[in-house]
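We have chain V; now place chains F, R and U onto it with these hints.
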Amino acid sequence: MKNSFVELHARERAEALLDDDVRELVGPLDNMISPHLEPQGIVPESDDGVVLMRGTINGKSALVISIEGKFQGGGIGEVSGAKIVAALEKALEDNQAGKTIYPVLVLDTGGVRLQEANYGLLSISEIQNAVIALKKFVPVIGLVPGRVGSFGGMSITASILSYLIATKKARIALNGPEVIEQEAGVREFDSSDKDLIWNTLGTKQRLATGLVDEVVEDTVDNIKKSVSDAIDAKKDAHRTENIDFYLSLLDKLDLSKKLDIDGYRKLYSEVKSEKHVIDDAVGSNTPGTKSRGRVWFEKLTGIKNAKSSVSTVLHAEKDGKEYVAIVPDADNKFPRVRDGEVGLEEGFAVASIVNKVVADDADKDIKRPIIMVVDVPSQAYGYQEELIGIHVALGSSAAAYAKARQAGHPVIAFIPGDAVSGGFLAHGLQSNRLIALDDTSITIQAMSKASAARITQRTIAELEEATKHVPAMAYDIDNYEKLGALYKLVKGIGSYDATDENVAKINSIIDEAIQTTVGKPADLHFRYETPIAIESGRKATNAVRKAVFEQWNA
Amino acid sequence: MEKLHFSFDTKEPIQKPVHVGVVASGDLEVIFRPTTDTKSDINIVTGSDGFKEVWQNVLDRFFARYPIQANIEINDFGSTPGVVNLRLTQAMEALKDEK
Amino acid sequence: MRTLWIFPGQGGQRPGMLKDVPQDLKLKVKELTGMELTDDGVAYQDSIQIQLGILILQLFNVRQLTQIKEKPEVVAGHSLGIFGAAVAAGVLSEDDAIKIVFLRSTKMKEAYPVGYGMGAIVGLTRKEVTALVKQVNAPDIYVSNQNSELQTALSGSLDGINKVLDLAKENGAQKALILKVPNPSHSPLMQSAADALKEAFKTIELHRPTCTYLTNYNGHAVHTVDEIKKDMINNLIYPVYWDTMMSVASELGIDTTVELEPGHAFTRLIHTKFPDLRNITMSEMGIDDTEFLLKKWRKIND
Amino acid sequence: MTKRSWTTNHDAKNSKLENVASMMDGKFVKTENAKELLEDLIAPGDKVVLEGDNQKQASFLSKVLASVDPGKVHDLHMIMSSVSRPEHLDIFETGIASKLDFSFAGPQSTRISQMIADGTMNVGDIHTYLELYARLYVDLIPNVVLVAADKVDRDGNLYTGANTEETPVIVESAAFKDGIVIVQANEIVDEVPRVDIPGDWVDVVVQADQPYQLEPLFTRDPQNITELQILMGMMAIRGIYEKHNVQSVNHGVGFNTAAIELLLPTYGEQLGLKGKIVPNWEVNPTPTLIPAIESGWVKTIHSFGGEVGMENYIAHRPDIFFVGKDGTMRSNRAFGQMAGQYALDMFVGSTLQIDKYGNSSTVTNGRLSGLGGAPNMGSNPTGRRHSTPAWQSLRPDNDPLGKGQKLVVQMVETFGSNKKPVFVDHLDAEEVRKEAKLANVPIMIYSEDTTHIVTEEGIAYLYKTDSMAERQIAIEAVAGVTPVGLRSNPKQLADLRARGIVALPEDIGVHRSEAKRSLLAAQTMDDIVDWSDGLYNPPAKFRSWS
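Chains as they are written, first to last, in the working numbering: chain V, 40 to 593; chain F, 393 to 491; chain R, 8 to 309; chain U, 2 to 547.
Isolated chain V (complex conformation) (with noise of 0.2 angstroms):
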């Protein structure tokens, strides 16, 4: 219509929000674009595709961070994620000051940037903990204006957000049609039906079922006044504190039958929120499917055969530290989360979990630290995982992480698996220590091979050939501690090998690990701050924050 704001670009839609004093930080003219583009042959955009802007709304101060889905499909990357990280950071400190400053998301993005792969994870698990921080100051407004939409870890982002705006040009998942018919077949999911894909994804079908708040006609005024409004009623969605309402949900589910969108609008309408609490994992005698995780798990709690209520996550406490694993079952009732994946049940369990062990110790002052026991080969790829919203299972168990860090929980993850795109978000990246076994059989990155060969349209050949210069499209765990994200590395150890004397060597580098984390702040800035990431792994990560930082203030 008249004065379309889903028309305009990024920087056009910061302006459109802001009155009309405005200031960017960081822009064009700055030129830091990110150094992995050109090395794969891609042109890189000079503010590589993310707009900070300061000024106010309707006189309120705020931050308008504002993704270009025209560069990259909005992808994000290590200089565009760093941008948005920093400002979120400097909002925070401005609002612990009193100085109030209203954060808003625009999002417009598929999620990671497949070129950057890893670099894209880290960003997007350091932009939910700024989220998660800012949140108990001020409301932190999300908008989806579209045609992009907002896709992948950007939509666990989403999530976590305070309030979510959207216009019906937009479409809202955590795994886009064509990676599902990639990853589970057309039968799962036929990317080429474009009914289905606009009514199981699009905003119409999301307003009702809880995944946005609000869906406002694209017009610029509309769409700033809304947000306005938003910001002075401090709306709050709660949406990843939802966990017994879509715990009980899941109970009602009927498994036998493919779910459909009238299905499950009456199922979601119908359900009655009950308690739930999911008990310490028990020894038995038969055992439970194998993996990696599995095996660490039982062998560091000590507990045989464990197995749970629900039977893909493990959780007890063993001196004092509360472990947390999900594991596979190959014949889970959820036909699509029979590996290990991460899926619905998966994402509300641990956040149910974790934020209890919080609850538990809100009034002692040595918080339990909280060991993630990480093998995930990734998030769960199923039809009825999008349309129920594994976007916001996945948010609930990365929130409940973040929460537990920043209230005093040292939460360290020990990876003897795989870590791979929304299941590592869901459970692995929030935590502030990262410790993995150098063994080759691991797998660390944002997307199967298969599918990002397709949605990066290049063969596997030339995915590989191109992981050679970048390391952070790497598959392998040595590329991935070129990133410097991780705290040890640890050699020597298979990720099956564990014989008691290397659980023990295990069990004190998880210790060492809870005391580098004692008195230091519950962020995620020791991965900015390792030898490699300084000198090499986050040197384009640490020059943005230090411009950002250095234009916050005029």
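Among the hints, a few may not be true.
Stated by the list, open to error - Computed far set for chain U versus chain V, every beta-carbon distance over 10 angstroms:
{"hint": "1", "residue": "45"}
{"hint": "2", "residue": "75"}
{"hint": "3", "residue": "194"}
{"hint": "4", "residue": "425"}
{"hint": "5", "residue": "495"}
{"hint": "6", "residue": "518"}
{"hint": "7", "residue": "524"}
What the hints assert, rightly or not - Here are the simulated SDA-like cross-link-like pairs (lysine to any residue), alpha carbons at most 25 angstroms apart as the crow flies:
{"hint": "8", "chain 1": "F", "residue 1": "408", "chain 2": "V", "residue 2": "226"}
{"hint": "9", "chain 1": "U", "residue 1": "517", "chain 2": "V", "residue 2": "186"}
{"hint": "10", "chain 1": "V", "residue 1": "174", "chain 2": "V", "residue 2": "274"}
No wet-lab data here; the hints were simulated from the structure. Glycine is no exception: its CB is placed at the ideal position from the N, C-alpha and C atoms.
Chains F, R and U only, in chain V's frame:
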């Protein structure tokens, strides 16, 4: 991807920096910065290879009409000469604006 | 619903692609040609192994599609692919196809003059490429396959081709490269292969096509045995006018394409040219997903 | 001396109708007897008109014709305004037909070029629509016509409604020259909403097995309009519509014209032009005109044909469209083409190639897409005598006997989406003439008829040039960095601008930075539906999802 460099002997120095456009498919971004040189340097990063001659023609024509002295950076994702010219002339309009 | 079956030529072969192909087809190859298909990296350096491998893979796909009661309105093969297409159109038997492709690949291997091959130019029209060839004016350079409006192949002497490729790069070509094809296919230099095939076809019984067949040598929609026979015999001495074939397919009113194995190169080409068509690539979707989609689209259409 | 009979045609028609009488129930024949009917009524070598402009196709009858026995019916001389369905050409492969006179063949341009080249088809000639219809009454008088109607009553009265299009002009040429009129009907009813074509003109009616094919040819999704097209639209509105005070116009189908239609209610309003320009239109009911209609820009629209999805909107806007008492539109292609030639101030179109002189053609990649209506409307009718301010504004000052001329505007970007230049020294059409053995090069619009060329660089006012040499220089000045444009130089440009022969955006007060998609009155099909209060119902393939 190709990186191209051109330079033109010009005389009218520009007073302020200007940025126009987005690196979308079929589009480009253009950045003008004031320079102390007595010539204009143009650095182009383009996703479409083999169009050096066409870029030369577009820039010859542009500088013939607007002989400005500036440091110019272009990031191009496969735009036609018409779109390149539109962005360059839009940058000229932005230079004249007081806003 | 009107479907076009696409049969790709050499290029998409990869080790292990024959793992699901039934034993009887592999035995047929052994009995009729004496060749043992090893379906591994070494095999796919040899033109005979490649061509016979791709052929029986496509014969298997045709059996699978026929089993789920699918029939094409139009078939289109690219170079080697025309023999699979001829079988799908009911013109050529499986056995004769195997024998012909064995002869064809053997002849191509023999006609292996060092210093001859193919090149490809992306970004110039056929008219522009032809003008460059004329400009170079060296012997044995032929403008060959036209895979899309701006993708033209060259066939002939590698020295000559390289001169044209250099010229192309200076005239706005995005890509100009030598192809990994050991002989000047689809040019008059392959006349010996055409003669051998002409001889062989004298003793082969052909039947009326049950659907429309798109010829490589001039991009026409044909319905007669003679036209298809001419295309098979002369396939190697004429360019493949693939771009024209796809325009004709669209004009015949096809709305769905099924690309048989291996690979999906031609689906990508036709999707850029006609984005509204629905596409299936059997290399990525197995026969079950293919059946699911075709049944679903047919319900929507009819 | 035997007396000569003067009713040979009449008698021949009657005897043919008699030997199908057994199949007839009044004027009606059962669907399953259609093949036999055609085999009996059509004689070898007959001239047969098969209705099919680029929207409405007598698709049932064309399929039946393709199924007749070539032994009984062969060597037909087909006369078709638009060749667009596969079976339209299959009948030449099977020998049912051998000669064709036509106007447009865009949807079958590859096959028809092949058939002409290898002699499967003998082409009488290529026409614009109006001259083809005219020849139906002179030297191409049909023996049989196969047409389509929406509803038919017991007496054979036809209701063709919004898609009347070319049915009347075809039927009349046969009805009064002893030709046989065969109609496929979507529905046979007791009473038709109104009579578009009287039953007296109709011989035989067959119930079709499914409704005739209708293509939404004039629908353009605003989603695909680019900033360059918006800039060119702004320049045209300012530098042509406003400058020449244009009152009546035809828009060729395309994104450039769609952009102009969507800029009237916004940019046009800003310039204060509402009520001052283009109240009267000869154009198909293109949805992109809805915002301009609703904002009061448009007074009248007459259409060549209907547009799928617009029926309900038109029925609610009888003040604007030509609507019968039953509330549905009546289109007329022959009268529309005549209006396009004689009654308009301006034609605005686009093309694929323009040569250095200003001749343009839509032949692509060596394929003949035919001519259609543009050459007719894109030409200066020297026979016209009445004048209008727009015509006068093109009258050379020093010509006492001058009477001005029609504005013919070609809008093109200098480079096509395939990055090939639109301005060339030689048109591809010149080669196609040899391959297709045509008498003339198939030029769409000749240079002398072209009064303005608009590119993203500026406007060339060709009518102001006094020689072919000066016309070439003016074209070069706006042809960008194409081979033609590279011949221009700053001095020439400055001189042409000074003399008003060429205008750049800044010369006519157009700001390039305003050329933004948000300036369009509608950006998506949904926006157009909203503008129409939900009356417009986009065809499936244009539905924008939300």
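Structure-based check of each hint:
1. 45: holds, 47 angstroms
2. 75: holds, 43 angstroms
3. 194: Since the minimum Cβ distance to chain V is about 33 angstroms, residue 194 (chain U) lies beyond 10 angstroms and the statement holds.
4. 425: Holds: least Cβ distance 30 angstroms, greater than 10 angstroms.
5. 495: Holds, since 34 angstroms exceeds 10 angstroms.
6. 518: violated, 4 angstroms
7. 524: violated, 5 angstroms
8. F:408 <-> V:226: Distance ~57 angstroms between residue 408 (chain F) and residue 226 (chain V) Cα, so the pair is violated.
9. U:517 <-> V:186: holds, 17 angstroms
10. V:174 <-> V:274: holds, 11 angstroms
Going down the numbered hints, you'll see the structure goes against 6, 7 and 8, while the others check out.
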